[in-house]
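Spelled out from the first residue to the last, the chains are:
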Amino acid sequence: MAEFKTVAKVSEVEPGQLKHIELDGDTQICLANVGGTFYAIGGECTHMGGPLGEGELDGTTVACPWHSGEFDVTTGEVKGPPPEEPEPTYEVRVEGDDVQVAVE
Amino acid sequence: MPKLIRVDLGKLSVSTESAPDEYRLLGGRALTSRIVLREVDPTCDPLGPGAKLVFAPGLLGGTAATTSGRTSFGARSPLMGGCKEANVGGTLGHRLSKLDIKAVVIEGAPPDETWRILRIDGDGARLEPAPAGLAGRGTYYTVERLLDGDLRSTSIACIGPAGEQQLGAASIAVNDPEGRPTRHAARGGLGALMGAQRLKAIVVNDAGTKYVEAADRDGYRALVTGFSKTTLEDPRTKNMSTYGTAGVMGFVNRDKVASLPTRNHHLGTFAGGEKISGQTIEAQAAERGGKMLPCMAGCIIKCAILYNDAKGDHLTTALEFETLTLLGANLEIDELDAVARMDRLCDDLGLDTIETGNAFGVAMEAGVAAFGDWQAALGFFDEIGNGTELGRLLGSGTIAVAAHYGIDRVPAVKGMGLPAWEPRTLKAMGITYATSPQGADHTAGLVTARGVTDETYLKASRQEQVLQAAVDSVGLCQFSNPAAEDMARFVSAQHGVDWSPDDVLALGRRCLLDERDFNRAAGFGRDADELPAFLRSEAIETAEGPAVFDLPDELIDTFWDEL
Numbered sequence: 001m002a003e004f005k006t007v008a009k010v011s012e013v014e015p016g017q018l019k020h021i022e023l024d025g026d027t028q029i030c031l032a033n034v035g036g037t038f039y040a041i042g043g044e045c046t047h048m049g050g051p052l053g054e055g056e057l058d059g060t061t062v063a064c065p066w067h068s069g070e071f072d073v074t075t076g077e078v079k080g081p082p083p084e085e086p087e088p089t090y091e092v093r094v095e096g097d098d099v100q101v102a103v104e
Numbered sequence: 105m106p107k108l109i110r111v112d113l114g115k116l117s118v119s120t121e122s123a124p125d126e127y128r129l130l131g132g133r134a135l136t137s138r139i140v141l142r143e144v145d146p147t148c149d150p151l152g153p154g155a156k157l158v159f160a161p162g163l164l165g166g167t168a169a170t171t172s173g174r175t176s177f178g179a180r181s182p183l184m185g186g187c188k189e190a191n192v193g194g195t196l197g198h199r200l201s202k203l204d205i206k207a208v209v210i211e212g213a214p215p216d217e218t219w220r221i222l223r224i225d226g227d228g229a230r231l232e233p234a235p236a237g238l239a240g241r242g243t244y245y246t247v248e249r250l251l252d253g254d255l256r257s258t259s260i261a262c263i264g265p266a267g268e269q270q271l272g273a274a275s276i277a278v279n280d281p282e283g284r285p286t287r288h289a290a291r292g293g294l295g296a297l298m299g300a301q302r303l304k305a306i307v308v309n310d311a312g313t314k315y316v317e318a319a320d321r322d323g324y325r326a327l328v329t330g331f332s333k334t335t336l337e338d339p340r341t342k343n344m345s346t347y348g349t350a351g352v353m354g355f356v357n358r359d360k361v362a363s364l365p366t367r368n369h370h371l372g373t374f375a376g377g378e379k380i381s382g383q384t385i386e387a388q389a390a391e392r393g394g395k396m397l398p399c400m401a402g403c404i405i406k407c408a409i410l411y412n413d414a415k416g417d418h419l420t421t422a423l424e425f426e427t428l429t430l431l432g433a434n435l436e437i438d439e440l441d442a443v444a445r446m447d448r449l450c451d452d453l454g455l456d457t458i459e460t461g462n463a464f465g466v467a468m469e470a471g472v473a474a475f476g477d478w479q480a481a482l483g484f485f486d487e488i489g490n491g492t493e494l495g496r497l498l499g500s501g502t503i504a505v506a507a508h509y510g511i512d513r514v515p516a517v518k519g520m521g522l523p524a525w526e527p528r529t530l531k532a533m534g535i536t537y538a539t540s541p542q543g544a545d546h547t548a549g550l551v552t553a554r555g556v557t558d559e560t561y562l563k564a565s566r567q568e569q570v571l572q573a574a575v576d577s578v579g580l581c582q583f584s585n586p587a588a589e590d591m592a593r594f595v596s597a598q599h600g601v602d603w604s605p606d607d608v609l610a611l612g613r614r615c616l617l618d619e620r621d622f623n624r625a626a627g628f629g630r631d632a633d634e635l636p637a638f639l640r641s642e643a644i645e646t647a648e649g650p651a652v653f654d655l656p657d658e659l660i661d662t663f664w665d666e667l
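Top to bottom, those sequences are chains A and U. If you're matching positions, the first sequence starts at 1 in the numbering used here and goes up one per residue. If you're matching positions, the second sequence starts at 105 in the numbering used here and goes up one per residue.
These are calculated hints, taken from the structure and not from any lab test. Bear in mind that the values here come from a model prediction, so they are computed numbers and not experimental data. Idealized CB from N, CA, C, for every residue including glycine. Take these hints with a grain of salt, some might be off.
Among the chain U residues that face chain A by a calculated CB cut under 8 Å, a handful are [as the list claims (entries may be wrong)]:
#: 1; residue: Arg220
#: 2; residue: Tyr315
#: 3; residue: Gly402
The following block holds chain A by itself, in its conformation from the complex (with noise of 0.2 Å):
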């Protein structure tokens, strides 16, 4: 059963900005603010486990700070090799100033 968890304050991740999120349980995120919507996926790249919120936004995509795979934010595809795997995405809500993830 998904469970909102508290992740970030909507202050904390600027338009057009990325957070790498460590939860318990070795679940990692990428947090990202698409023009005022937040998105959430898995946070390691599915290539070689690269921090993928430590990457570039650039539009919908996100750019892994390792070896340049590519996914789309709103929906976890792959949008551009190394990588083969989309990534998993999480429901996001805000809640006040805070930024809630839902996850297992």
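Starting from the structure of chain A, add chain U where the hints point.
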């Protein structure tokens, strides 16, 4: 515990042992050269029963460090007779490391005429008869058939018809991430040894394995992030990502630089240079659908040119500056499609483009065909593929062709054809070619400094050769431009040691000394360090006047004194 796999083709046996502890902090070139020094009789027939082919991933293989998946192949070179290492990108190196393989040593004379393949996977290693119909086929067919569509877990290293014929210019092909045999351990004729061993291919499958974890996991991850950022921000990377190695053509072809071997090394500039430049290829790609590719998963430089023909169909990948020069300018051929076709044929036949271009240049000098006659040059490949007398001669390398036609002006050092960096105008390259145990191999120490003192040329070549030997040993690509500090941090975090930059340079230095010791035992004396006489006697015209290679032998002889 990392494994050392031994393959005895004489007994048709394979054994696996723990790699000796002394090899723990050796990898890539340093390891293959050490094993060759330790285990190979330096006076053996390079294609005979005493020869051994060794291959090894680098110290950082199987990790996330960008470009860290290179593989070194080493042996007593069938072409030069010395300790040769040829390293290659492609998908092989990471898989070997993920399988915890330190090195593979292949030895012994095969008992019969059967062509075999070596399979390596999580269950071990084993020899099998090559599938029917594989012998005699090119590397494109061989790789496609043995990959069997499994790009995710399988890599192939193989030879083509040139290797099967045991020709001195024969390479070992490794597939790229798109499944094409476009990456080659090209120099030194190591493919000929595989041919002598009647080993058509090596098939490596890493299904079920994971990338190699570092001793200091978090520290290593931080290093990977920083190194990738630095590499991406480096202007040299942007140039490589746009034009590949071919982007340097404009620079070396300037009248002032005049460093583009042209017409069998008679000239330093080529009127048709722009037609075969990276800039022309890049502009043409917009019409034909060409693109830039990484040679291995995880490379962020992406310098491999995918070149399509006029119909938009794939013609070749990894069309390099060296190829465009030796098979283009050096033959006075400026038909870009023809040079790209020759690159494809070299890949498919399993030939070193540098050695082949030099051999063709000498043949043209001898009057076998006219300079500029690209149709004749393409015809040469038919001769090689068909194993005709002329083809076997041309595929045997620069010195063989010169000897056959009585040409005493031979563009080679230690048996290796000269690369595309002209020593008369880039004088440090003359020092590298003369002193490197690898012979005339630009990757052993590429220095483009001009207008400095003789002593500075010497020092620059020495420093670069030491650094490059280390780069080849950790398994990074030279185009990621790693400094000794970068490599020290990576090796320390990966292997749980405390290496300084000096330790990295000591690795490179020791590697060079191993190779020199082998060469000396093989009979290499001072004369082996001589550059071709024409480089000192025939001037190249430059905008700054005529240029010859004029660094004194006495200076070059001090190369090893302060190593």
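These are the hints, each one checked on the structure:
1. Arg220: violated, 32 Å
2. Tyr315: holds, 6 Å
3. Gly402: holds, 5 Å
In summary, the one numbered hint that this structure violates is 1.
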